[in-house]
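*Asks:* These protein sequences, in sequence, are chains A and B. Numbering (the numbering used here) for the first sequence: 1 to 169. Numbering (the numbering used here) for the second sequence: 1 to 102.
Note that these hints are calculated values from the structure, not bench results. All values reported here derive from a predicted model rather than from experimental measurement. Virtual Cβ for every residue (Gly too), placed ideally from N, Cα, C. One thing to keep in mind: the hints can contain errors.
Partner residues aside, some chain B positions facing chain A, computed with beta carbon under 7 Å [to be verified]: (1) 16; (2) 23; (3) 26; (4) 38; (5) 51; (6) 52; (7) 60; (8) 67; (9) 69; (10) 80; (11) 81; (12) 84.
These stretches of chain A come out as covered by chain B in the derived footprint (C-beta under 8 Å, 3 or more residues) [claimed, not checked]: (13) 49-57; (14) 60-67; (15) 102-116.
Letter by letter, the chains look like this.
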Amino acid sequence: MTVMQILFLLIGLVTLAASVMVVSTRNMVRAALYLIVTLFGVAVLYVLLNAGFFAVVQVVIYIGAISILFIFAVMLTRDVTGLQAAAFNRTWLLAAFLALVLFGGLFLALQGWSGFETVPPAFTDDTPTIRDLGLALVSPDGYVIPFEVASVLLVAAMIGAIYVAWGRK
Amino acid sequence: MIPLSWYLILAAAMFCVGLYGVLARRNAIAILLGIELMLNAVNINVVAFWRYLNPENIAGQAFALIVFAVAAAEVAVGLALIIALYRRRNTIVAEEIDLLKW
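Please put together the full structure from these sequences, using the hints given.
*Replies:* Have a look at this one:
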């Protein structure tokens, strides 16, 4: 086992344990903090995948913006599902069963696939850099239409969020 | 070297944990947290497939970036809905929000 594999196992274990805590803890502030741990683990996984840009984006957008938004929402809606109230609905056992069945199905389906044990190819001169990604996002031959649609979606979401959350008398 | 299967299994496990959170939690914010876990699992898969199968093709990275944007939009609207709901009905428990239920 190489150092990278041990590192991956450690990070994977922390990420999974934190994500289990996100869905199982009763205290919503703690759930949001465990989500931050999970997101950090995913950022480290991006580093292991040689996608440094995504690691930075993960930290800035997910940890810097989205989890703060979650913590604010938890604070603004406090004490509704207090620590005494049930955190899970009546069908939680069925939900756990469904999640396990889905995991088993995914595992079996992936095991039958020939590329399951692929190791990563070495980087060549053709491997795109961040510069290539930026150029591809704004070039008409590349992904300018998805990029613009995403910007319109973000503006629409922003306007919609302000309109919905606006306090009316 | 880490085989691709490790990433895929980790992402599958994270997706299933998120799915359990979405299906089992009563608090609407907790449901959104589960959706975040699922989106992150999908993004691990996308970036891992880009790295292992076709690193010359930029499409994998562009795809992952779009997923980031959609996740940000989804969270903004979802939390705004939850806060508006809390103002009007004083609850964010998913099963008590049944105005549209037949």
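*Asks:* Could you run down the list of hints and mark each one as holding or not?
*Replies:* Taking the hints in turn, this is what the structure says about them:
1. 16: Check passed: Cβ of residue 16 (chain B) comes within 4 Å of chain A, closer than 7 Å.
2. 23: Holds, about 3 Å.
3. 26: Holds, about 5 Å.
4. 38: violated, 10 Å
5. 51: Check passed: Cβ of residue 51 (chain B) comes within 5 Å of chain A, closer than 7 Å.
6. 52: holds, 5 Å
7. 60: violated, 9 Å
8. 67: violated, 10 Å
9. 69: Holds, about 4 Å.
10. 80: The hint holds - residue 80 (chain B) has a Cβ within 7 Å of chain A, the shortest such distance being about 4 Å.
11. 81: Since chain A brings a Cβ to about 6 Å from residue 81 (chain B), closer than 7 Å, the hint holds.
12. 84: Holds, about 5 Å.
13. 49-57: holds (count 6)
14. 60-67: holds (count 4)
15. 102-116: That given contact holds, which follows from 7 residues of the region 102-116 of chain A lying within Cβ reach (below 8 Å) of chain B.
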